[in-house]
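Chain A is already provided as a structure; the job is to place chain B on it using the hints.
Each protein sequence line maps, in turn, to chains A and B. As numbered in the numbering used here, the first sequence has no gaps in its residue numbers, which increase by one up to the final residue, 689. As numbered in the numbering used here, the second sequence has no gaps in its residue numbers, which increase by one up to the final residue, 458.
Check the hints yourself; a few may be wrong.
[As the list claims (entries may be wrong)] List time: in silico DSSO-like cross-link candidates among lysine-lysine, alpha-carbon distance up to 30 Å: (1) K318(A) to K129(B); (2) K287(A) to K46(B); (3) K233(A) to K86(B); (4) K643(A) to K194(B); (5) K340(A) to K233(B); (6) K356(B) to K318(A); (7) K287(A) to K57(B); (8) K149(B) to K496(A); (9) K500(A) to K543(A); (10) K542(A) to K50(B); (11) K340(A) to K301(A); (12) K437(A) to K100(B); (13) K557(A) to K543(A); (14) K557(A) to K149(B); (15) K128(B) to K301(A); (16) K364(B) to K236(B); (17) K289(A) to K50(B); (18) K289(A) to K149(B); (19) K149(B) to K543(A); (20) K86(B) to K643(A); (21) K100(B) to K332(B); (22) K301(A) to K89(B); (23) K129(B) to K289(A); (24) K643(A) to K233(B); (25) K648(A) to K233(B); (26) K236(B) to K625(A); (27) K648(A) to K194(B); (28) K368(A) to K271(B); (29) K368(A) to K427(B); (30) K318(A) to K140(B); (31) K340(A) to K121(B); (32) K46(B) to K543(A); (33) K271(B) to K356(B); (34) K643(A) to K46(B); (35) K332(B) to K318(A); (36) K355(A) to K423(B); (37) K289(A) to K140(B); (38) K339(A) to K85(B); (39) K46(B) to K29(B).
None of these hints come from the bench; they were simulated from the model.
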Amino acid sequence: MLSSKIKSNEIDFGSCNKDLLEEIIYYGISLGADFVEIFIENTDNSSLLAEEDFITSVSPSFGTGAGIRIFKDKKDGFVSTNDLTKHGLMRSVSQAIEMLDIKDNKKREVFNGLNKLRDYSLSKKKWINEVPSIHEISEKLLVSTKSLKKNNKIITRKGSYSRNLQEIIIASSDGTYVSDIRLHQTVGLNVIASDAQYRSSGSRRFGSSGMPNEFRLWDHDKAANDVFESSMNMLYADYVDAGQMPVVLANKFGGVIFHEACGHLLETTQIERGTTPFENKLNEKIAHESLTAIDEGISKGSFGSLSVDDEGMEPEKSVLIKDGILKKFISDRAGELRTGHKRTGSGRRQNYSFAAASRMRNTYIAKGDYSKEDLINSISDGLYCKSMGGGSVGATGQFNFAVEEGYLIKNGKLTNPVKGATLIGEAKEVMPKISMCGNDLELAPGFCGSISGSVNVTVGQPHIKVDSITVGGR
Amino acid sequence: MNPREITNQIVEAADSLNLRKWDYGASFSNDYSVQVDKGEAKQLKASQKQILTIRVWNQSNLVGITTTSDISESGIKKALKQANIASDFGNKNESTEFSPLAKDPIEVKEVKKRSPVGIKKLLTLLRQAEVKLIESHESIKSVPYNGLSESFFERVYANSDGAFRSYSKSQAALYLYARAEENNNKPRSSGSVKLGYGVDDIDIESCIREASNKTISHLNYSSIKTDKYLICFSPESFLTIINAFSSMFNARSIIDGVSLSNKNSIGEKLSTEALNIYDDGLHEKNISSSPFDGEGTPTKRLCLINKGRIENFIHSESTARIFKTIPTGHAGLGSKVSVSPDWIVVEKSEEKFDLKTSLDHTTYEGEFVYIEELNAIHAGVRASQGSFSLPFEGWLYKNGKKISIESATVAGDIKYLLKNIVNIESSQEVTTSGISPHIWVDELSITGDA
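Looking at chain B on its own, in the form it has when it is part of the complex:
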């Protein structure tokens, strides 16, 4: 069934069950992926998947939901019936409605949809990449984590009020994680990930180069002394930390009492006036962009921090109603609607006066720790308390030399970190999760075993 046929099927089934108010979200995908091991195909995968989530409002306007992979006529009817049963247990304390923006026009961009290249080409490209990466340095012995994939999917949202929107797109991903070993040293590993609309859009050479350079640069390592250090966060690591604490901007988290912010936090100063943070799901560099969210609300650029102060929260329909504002295009579709950011963009504002601009990771000659990548976010972040303690990959810069840091963690408090930003470099870098310049923070605790 195509999306229009599914909608017609739901209209028919809902009528027969006397259900007057409903909406649904659906996704249909075809995915292909390959992994290799020393020149040989290891696992080749393909999947066809369909997921349908239906919400139903009962006569008391309480919502019930069901999710299924069965989009046959009987499956749809069963899902409607189950959702109707679940609506008896709908949340009486917080109502849910259709998004008032579910029928607004969405920003139409050129659809960069590619055609499948097929498993054989995926395999050939990945084999070549593995060989090149291993040959790039004598210490690189293997590429234990690797994969090349392409996905083709369609997403739909529709409701009984006549809203209907869908889009389809393609996406490809390459990841290469190399393992290097030298005599009497521990093995070291690092890698690179690249995304594109299709396989032919991925810069494979750059992925190989990055994976090789990163891995090799960690071969000579040393322990670091536990102390407080001047830190330079790479764009990727700073975006990781902002995303980990995005509950500060999340209206759902605020209502649930698990955010460091509260309803009155708009305008609160969090950081230097030189810091701006946006959520920009439609950014041209965001390969995973979606023109609408789970409730059909159009996606848009939203300023979260303006000159160091909280400017906006991200919302679903229900949180926006509670905060007396409009939805921002950040909702999921669930029994309890989740809210999450799309694509974080960090910028230097025009207010630059309080920055130490001499801090530039390419030229600064004083001592500092460069954090390339933060790990184990799920284990080391306490978003509701604001604290973090995270292992990282990085280097200690000292006396004009850099040396890879062996097994260490950085710990602190997100509000302290934001308040202690001492420089925001000028040039931004695009990563897989957003865009950011290098960010310098003073006096963060590093634990090492030196």
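One chain only, chain A, in its complex shape:
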């Protein structure tokens, strides 16, 4: 399905495009560009929704497009188009050149042609035939929504699945010539429970990359039990009292706090904007000495893993913070050009219509020495955040996160469930307060929206203790 034949003089995912790509890149260089990059994609996606005991939505989609980026000095012009003909791509190059107002083409960069193709897709072409069929997906989704029906308090049951298969070609004037196929699958379960005036909800999402069989292996019974229990635990919960208190954040998706509060501030796009408090803090202490944090794109099957980034670089494992000391920023091509921080294989984009930017991949806090019980036992009056909702970080580094499932901690023990809690703070102030890290690191998939669109990521951490944070409530 991915190798659709396209007319000659067009990009054809089924054959060699080297000559055409070189011609287009040379055209851009000859007009005075410092650097030319072409990103081309061909997608084949589908999503399904099961509600109660019916499939209520099946949405396939497919398409192609190209994003052409041209640098002149530190400026860049980006043009995206659905027209993959030679004429269409040439026109996009001309448009980018014109936007950048490049007139002096006497001082030309040298383009020595594309390197030999680095083809990461060879073993992946069979994936399209190995992923589950719509029929198979719908059967399993219906079984999973049925297993959510555990009592009459559950009033809404949903299961959703989506599969994105993306074939890419990247070619640029430094010789980079890469092709790859990426597969992402995600499945989620949601319930709403109700009893008289009480209402609660529960949700869990699972995801993988590059593993066509993963959905078949998904343990829907375990997931359904987890979602059901969460909604029942929260159904009669009281609203949390607001205030400053110590909190324990659970592992897996609890890592969203690091992702939002600190991870974004370590992307070079934030240095470019002057919006990170960590800009001049390399090799300085920015966090508690118990904290080590990593961003990488190499964990097999993780949602944020990739063979090659969207600028043709293999992802590296970046230790961002080591024992509280800032060691590295997450950088892409523009980041290296504008800030001097070396690329880390983190140039990412949602699709061809976005220019790549420095983005997180699998980002997590490393495990420590404590058990979950050690952390809870150390608190006399606080909050345990078992499940986190979404969060965001503001222009000056302030963040907030919704707590989906929370419990009060009294005298070192978990007590009543509470709802309506929001964690509020600033990275610079909270990072030194992460004083204990558990030994139970786990990862969880998610989607991160930012300057280059929505990308698949993994967040993660062991259980961690924050000595004091503002908890919003009633």
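Showing chain B alone in chain A's frame:
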């Protein structure tokens, strides 16, 4: 291909595949945008985009759908085939039909379509705006988030029953978010967004002034004590909260069990009798107005709350049939058709007797919290439960002085909020998401760290 040619192509391809019932929506756009950084062009963008969504009904009248960016002859045929395959999994529990209003006349307004000004002019204007904003106050050090864009697009809906409608328009947007710093204080940021039919329609000076004034007004800040406060919502923040809980008026959400309302909620009293809320997608101030929705139903003004009571729900074709009414022009086009509001208009009704009219944000001298802007809506709103806990930008007014509030959240329940409206100011303000006056609410919880 132009829209007529696409329709002819689909007719031909559907015939060859023996598909008798179909409809499609398509959009074609050209967008240009610039960003600057300290006087230099940072990123300049242009895009040409086309999206086609085709629905096909099979012989059992079940619907399948496919979306593609490939509108070549082969792309259209492939999309029809995929939609036909997907129709085998169509929803047997809830049927979808063409909108009965898809061929009704649409309200024709003067088309305010502008010509492109080009990247160079966009860049010049944005550079000038950045300089002016930085020069407007010594504490403003940068404008880290900025952009000026212009878009030109065409939308089409057609079906096998002969409906065909299209419209094209232009839109421009400017946003400026400044960052200000003073010694020993945390950096503060705020900004402004302006829309217009074209770049020349945007009031750039007003955008600079608003961004500057807002940012500077937050320089002197203080923590706020956690407590319950009298709140004044700015028009923008009140519209944000109404939009976040619009599932209360959404028939799709009601059917799906994720709304606070139910089928029998029409007439339910939600608020003071002084409150009226409309959805008015065709309002003359709505730059993003569209004359028809995803199913081809004409857009129209609809009263959602009349004198504090729920008056209407918003509908797609299928939800309207279930509720035994007509579609309201709020549908998307999807395998499962979504329903959403267009442009919320909040008004004071003629029933004013239960309001505390002395509450006016420009003159009131008692203590209150002014909420200028609510943030992180996706994280802090539980629409199906009615609760919210949201960070905000705003001020505490006390003893005749106002001071910016450092990092705080407002939390509550939407029904409680609506029931506790104590004043609706007279003058309305136009925002990017609708129109509203300032709204006063008593006794909402604020969490601060004082």
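Cross-check of the supplied hints:
no. : hint               : in the structure
1   : K318(A) to K129(B) : 17 Å, holds
2   : K287(A) to K46(B)  : 17 Å, holds
3   : K233(A) to K86(B)  : 27 Å, holds
4   : K643(A) to K194(B) : 11 Å, holds
5   : K340(A) to K233(B) : 60 Å, violated
6   : K356(B) to K318(A) : 58 Å, violated
7   : K287(A) to K57(B)  : 25 Å, holds
8   : K149(B) to K496(A) : 20 Å, holds
9   : K500(A) to K543(A) : 12 Å, holds
10  : K542(A) to K50(B)  : 27 Å, holds
11  : K340(A) to K301(A) : 25 Å, holds
12  : K437(A) to K100(B) : 29 Å, holds
13  : K557(A) to K543(A) : 9 Å, holds
14  : K557(A) to K149(B) : 27 Å, holds
15  : K128(B) to K301(A) : 26 Å, holds
16  : K364(B) to K236(B) : 18 Å, holds
17  : K289(A) to K50(B)  : 8 Å, holds
18  : K289(A) to K149(B) : 21 Å, holds
19  : K149(B) to K543(A) : 26 Å, holds
20  : K86(B) to K643(A)  : 53 Å, violated
21  : K100(B) to K332(B) : 19 Å, holds
22  : K301(A) to K89(B)  : 28 Å, holds
23  : K129(B) to K289(A) : 20 Å, holds
24  : K643(A) to K233(B) : 22 Å, holds
25  : K648(A) to K233(B) : 22 Å, holds
26  : K236(B) to K625(A) : 25 Å, holds
27  : K648(A) to K194(B) : 19 Å, holds
28  : K368(A) to K271(B) : 19 Å, holds
29  : K368(A) to K427(B) : 28 Å, holds
30  : K318(A) to K140(B) : 28 Å, holds
31  : K340(A) to K121(B) : 46 Å, violated
32  : K46(B) to K543(A)  : 26 Å, holds
33  : K271(B) to K356(B) : 26 Å, holds
34  : K643(A) to K46(B)  : 26 Å, holds
35  : K332(B) to K318(A) : 64 Å, violated
36  : K355(A) to K423(B) : 38 Å, violated
37  : K289(A) to K140(B) : 23 Å, holds
38  : K339(A) to K85(B)  : 27 Å, holds
39  : K46(B) to K29(B)   : 56 Å, violated
Going down the numbered hints, you'll see the structure goes against 5, 6, 20, 31, 35, 36 and 39, while the others check out.
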